[in-house]
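Which chain is which? The protein sequence lines are A and B, in order.
Sequential numbering of the first sequence, starting at 11, is according to this note's numbering.
Sequential numbering of the second sequence, starting at 11, is according to this note's numbering.
Derived by calculation from the structure, the hints in this document are not laboratory data.
Don't take each hint at face value.
[As the list claims (entries may be wrong)] Taking lysine to any residue and the SDA-like style, the derived pairs with C-alpha atoms no more than 20 angstroms apart in a straight line are:
1. B:K12 x A:Q141
2. A:K142 x A:P329
3. A:K142 x B:V17
4. A:K142 x B:K12
5. B:K12 x A:I148
6. A:K107 x A:P329
7. A:K142 x B:L14
8. A:K107 x A:A359
9. B:K12 x A:V143
10. A:K142 x A:I126
11. A:K107 x A:F326
12. B:K12 x A:F326
[As the list claims (entries may be wrong)] Which residues of chain B face chain A? A partial, calculated answer using Cβ under 7 angstroms:
13. E15
14. V19
15. A20
16. A22
17. A27
Even for Gly, the Cβ is constructed at its ideal location relative to N, Cα and C.
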Amino acid sequence: MVALVISLALFFDFTNGFHDTANAMATPIATGAIKPKTAVALAAVLNLVGAFLSTEVAKTVSGGIIREGSDGIQITPEIIFAGLMGAILWNMITWLKGLPSSSSHALFGGLIGAAIAGIGIHSVNFESLMQKVILPAIFAPLIAGAVAYLCTRLAYALTSRHDPETGDKLTQKRGGFRTGQIFTSSLVALAHGTNDAQKTMGIITLVLIAAGTQDVGSGPQFWVIAACAFAIAIGTYAGGWRIIRTMGSGLTDVKPAQGFAAETSTAAAILSSSHLGFALSTTQVASGSVIGSGLGRRGSSVRWGTAGRIAIGWLFTLPAAGIMGALTAWLVMTGVVGIVLAAVAGTAAVLYMYLHSKRSHVSHHNAVEVEEAGQAVRFRKKKAIAVGRGNTKPKGDLS
Amino acid sequence: MKWLELVQVAGATLLAAGSVVVLYSLGVRLTAVAGDIRENSPSWIRPLAYACFGLCGVAVLCGLYLIIPYFSG
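Please put together the full structure from these sequences, using the hints given.
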C-alpha cells in the first residue's frame, strides 16, 4: 500500500509539473523570447534545482487542515491514496480543458474529500481550511494582479521615448525586455520547483510517518526529495501545451515588457509568500499577474470570457477534487478489492483522457501560434472566394 | 486570518517586483538612448545601462539569498 501511494504521489507530482509549466513559460513563449522546446527544458531543469533548495513548505503541507497526530484522527495511507486519486483526476480534466487550475487546491480538495468520506466531517479543520486555502485563493490573484499592473505601468512609463523637440514618438526599443524575460521566467520556474515539489514531498513523508517507517515530526528524506524533484522536472518537460495556450494568448496578447513585468510579479509573489509562510497557489498568482499586466498596458485588452472560465474552474477545483477523492475513499474502504478497483479505474480514466487529448493535438509547434494561423487561413479563403467571383479589383491590390 | 502576514506578503511582492522592473526598465531605456545614432549621447550612458542591468541581477540574487535557508539559516 505504501509503495502504491508513493508511486501515485510521484505521478501527482508529474501532473503538477506539466500542469504548471504554463505559469513560468507561457508568456516568454507567447512573446517569442524563448523557443517552446527550449523553454520547457529550461523550466524542467530549474524545477529540478528549485526542488532541492528548500523543504520548509514540505513540513507544513496539509498541516492543520486535516486533524492529525496522536490526539486527533489517525490519517491512513488509504485516505492519502484516495485524496491523490481525486487530485490527479481533476488535474487531468482541467488540463484537457486547457484550464490553469491550482494543483495545490486539487490536492487539498482530494485529501479533504477523502477524509470526510473515510473518517467523517469532524476530521476537517474548517477554520484552518478557510485561513490556509480559501482566503489566500481570493487574495493571491488580487495581490499579483495589482503588482503586475503597477509594474507594467512603470516599465512602459520608464521606457516610453519622445522626441524632445517635436514630441513625436521615437522608436521605443523595448526589445531588451525579451532577453530579460528569459531570466524572469526562469525565476518563476525556480519558485515553482521550491513551492510545488515540496507538497508531494510532504505527502510522501506523511505516508511514511503513517506507515511507521519514519519518526513523527521529521523532515523529508533525501531519496524522497530527489524522487519528487525528478518527477516534477519530467512533468514540466512533458509540457502542458493546452494550458500554455490559454495563458499565453487566451487571456491577453502579451508583449515583452508586459511579460517581463508579469513574470517578475509572479516570481516575487510566490517566493515572498512561501518564505513568509503564507502559501499562495502558483497558478492563481500567475494568472492574476497576466491579467494585471494586460490591464496595465495601454491598447491591450483582457479577454474576460476566458478569465471567467478560469475563475469558475478555480471555484470547482476544491469540491470536484473532493468528490472524486471521496468516491475513491469509499471504494478503498471496502478492502483490497476496492483498492485494486480504484487503482484500475483511475489508471483507465487517465489513459482515456490521454488518448482523448491525442484527437485534438496541442503541442509545442502549435501551442500559441494557433490563433494567428487560423486567421491566416481564413483570410486566404476570403481572397480565393473574391478571386473566384471574378473580382474587378486589379490583382496587385490583393496584398 | 493573519492580516499582518497578508500585508507583509503584498508589500514584499511589490517591493521586490518593483525594484527589479524599475532597474531593468532603466537599463533598457539607457541602452536605447546609447544606441541612438542621431544624437551623440554622452559616453557614460552605456556603462550606466549595464550598471542598471547588473544592479537588477544583484537584486534578484539578494532576494534568492534571503529565501534559501541553506544560505541565510
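Status of each hint after checking the structure:
{"no.": "1", "hint": "B:K12 x A:Q141", "in the structure": "holds, 8 angstroms"}
{"no.": "2", "hint": "A:K142 x A:P329", "in the structure": "holds, 16 angstroms"}
{"no.": "3", "hint": "A:K142 x B:V17", "in the structure": "holds, 15 angstroms"}
{"no.": "4", "hint": "A:K142 x B:K12", "in the structure": "holds, 10 angstroms"}
{"no.": "5", "hint": "B:K12 x A:I148", "in the structure": "holds, 14 angstroms"}
{"no.": "6", "hint": "A:K107 x A:P329", "in the structure": "holds, 17 angstroms"}
{"no.": "7", "hint": "A:K142 x B:L14", "in the structure": "holds, 14 angstroms"}
{"no.": "8", "hint": "A:K107 x A:A359", "in the structure": "holds, 15 angstroms"}
{"no.": "9", "hint": "B:K12 x A:V143", "in the structure": "holds, 13 angstroms"}
{"no.": "10", "hint": "A:K142 x A:I126", "in the structure": "holds, 18 angstroms"}
{"no.": "11", "hint": "A:K107 x A:F326", "in the structure": "holds, 13 angstroms"}
{"no.": "12", "hint": "B:K12 x A:F326", "in the structure": "violated, 25 angstroms"}
{"no.": "13", "hint": "E15", "in the structure": "holds, 5 angstroms"}
{"no.": "14", "hint": "V19", "in the structure": "holds, 5 angstroms"}
{"no.": "15", "hint": "A20", "in the structure": "holds, 5 angstroms"}
{"no.": "16", "hint": "A22", "in the structure": "holds, 4 angstroms"}
{"no.": "17", "hint": "A27", "in the structure": "holds, 4 angstroms"}
In summary, the structure is inconsistent with hint 12 from the numbered list given earlier, while agreeing with all the others.
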